[in-house]
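> Respectively, the protein sequence lines represent chains A and B. The first sequence runs 848 to 958 under our numbering. The second sequence runs 77 to 190 under our numbering.
Just to be clear, a hint being listed does not mean it is correct.
Claimed, not checked - Below 20 Å or equal to it, Euclidean Cα-Cα: the simulated SDA-like pairs (lysine to any residue) are:
#1 A:Lys915 <-> A:Val941
#2 A:Lys945 <-> B:Trp173
#3 A:Lys884 <-> B:Pro183
#4 B:Lys144 <-> A:Asp944
#5 A:Lys903 <-> B:Tyr177
#6 B:Lys175 <-> A:Pro929
#7 A:Lys901 <-> A:Lys918
It is worth saying that the hints were derived from the structure and are not from the lab. Here the structure is a predicted model, which means the values were calculated and not measured.
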Amino acid sequence: DQQVKQNSPSLSVQEGRISILNCDYTNSMFDYFLWYKKYPAEGPTFLISISSIKDKNEDGRFTVFLNKSAKHLSLHIVPSQPGDSAVYFCAASVPPDKLIFGTGTRLQVFP
Amino acid sequence: DAGVIQSPRHEVTEMGQEVTLRCKPISGHNSLFWYRQTMMRGLELLIYFNNNVPIDDSGMPEDRFSAKMPNASFSTLKIQPSEPRDSAVYFCASSLWEKVYEQYFGPGTRLTVT
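Okay, chain B solo, but in the shape it has when bound (with noise of 0.2 Å):
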C-alpha cells in the first residue's frame, strides 16, 4: 500500500492567497484526519470524517478554513484567505473507524505564507 498522500509537500504563497491542500486516505480507511503541527500547540486536530461525513470541525481555528471530502478517496483543507500565522506543516491522517487509536499519517505539507 502506498500510505497516506498528501500534495503538495511545500506550498510558499503570499498572505491573501487561496490554499488547497489534498490527501488521498489509505484505501479501506473510513476515517480520515487533518491536523495542524506548531511549536506551540504541537499536533492540533483541526476536522476529521467518518464515511466522508464532516463528524467535527471544532478544531479548524476560523472560518477561512474548510474542509471537504467528496468522496473515500480524498479530501481537501482550504485556507482563504491565508495569513502569516497560519504557516504550519499540515498532516493528514486516516483509519479504520474501530481502530481510531491507530491513525496513519501522510507525510505532511509544509505551508509557508509571507
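Bound-form chain A, shown alone (with noise of 0.2 Å):
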C-alpha cells in the first residue's frame, strides 16, 4: 500500500513558467514531508522541508505547500529553468526514524 503518492509520472513545462508538483498521502502521523531531486546517475539530493504544523515553507524558486486536510502536498517552482529538469521525489518522515517515498515526477523544463 503506497503511504505517499505522486500520481504524475511526469511534466513538461517551458522555461520560466511555474512548475507545480503534487504528491498525496494516507498516514496522518507523518510529522516532516519532504522533496528529493535526482539527476540521472546521481543519488537523490534533499531539495525542501516542510513541518506537519505549518502551511508553506520557502526557498527561493522553491515552496512546499501542505493541505493537512486534504492529505496534500505540493511542489512550485518559479521560474522554471531547464537545470530544474530532474525526477522529483515526495518524502514523509514517520517519527521517529525513516522516510517513506513516492514513485518520482519526471519534470522536463525545456526552452
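Using the hints, build the complex out of the two chains.
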C-alpha cells in the first residue's frame, strides 16, 4: 500500500513558467514532508522540507505547500529553469526514524 | 567530506549468483538506510540501521536479501541467490539519527541480473 503517492509520472513545462508537482499521503502521523531531487546516475538530494505544523515553506524559487485536511502537498518552482529537469521525489517522515518515498515525477523544462 | 560512497557502481551478474553491494556512510552519521529504486514502486526502504544495529528490516523483500553493518563506516547488502526481478538501482543513504529527514544518498549501484 503506497502511503505516499505521486500520481503524475511526468510533467513538461516551458522555461520561465511555474512547475507544480503534487503529492498525496494517507498517514496523518507523518511529521515532516520533504522533496528530493534526482539527476540521472546520481543519488537523490534533499531539496526542501516542511513541518506538519506549517502550511508553507519557501526557499528561493522553491515553495512547498501543505494541506493537511486534504493530505496533500505540492512543490512550486518559479521560474522554472532547464537545470530543474530531474526526477522529484516526495517523502514523508515517520517518527522517529524513517522516510517513505513516493514513486517520483519526472520534470522536463524546455526552452 | 566525500559523501556516501557506494561500490560497485554497476553490477551485471547471472541468475543464481551472489551479489554484494557496499556502502560507506558519511563520517559521524549514525543512521544508515538501504533503498531500492524501481519504476513501479519508486524508492523503497529495504532496511535501516541506527548505531550499527538493524532497526527495521520489514522492507527486505525475501530471505534472499540480507544486510550487515559491522562498524560505523561500512555496510553491505547481499542478495543470494540473485534473480532477474532483483534488477534495480540500490541506494545507500546516511543521516544523523535526530535529523533522519535529511538523508544523504550515495550515487547508487545499478544491478542487472540476467
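> Give a verdict on every hint.
Now for the hints, and whether the structure bears them out:
1. A:Lys915 <-> A:Val941: 15 Å, holds
2. A:Lys945 <-> B:Trp173: 9 Å, holds
3. A:Lys884 <-> B:Pro183: With Cα atoms ~13 Å apart, lysine 884 of chain A and proline 183 of chain B stay inside 20 Å; holds.
4. B:Lys144 <-> A:Asp944: 18 Å, holds
5. A:Lys903 <-> B:Tyr177: 17 Å, holds
6. B:Lys175 <-> A:Pro929: 31 Å, violated
7. A:Lys901 <-> A:Lys918: 13 Å, holds
In this structure, the one hint that does not hold is number 6.
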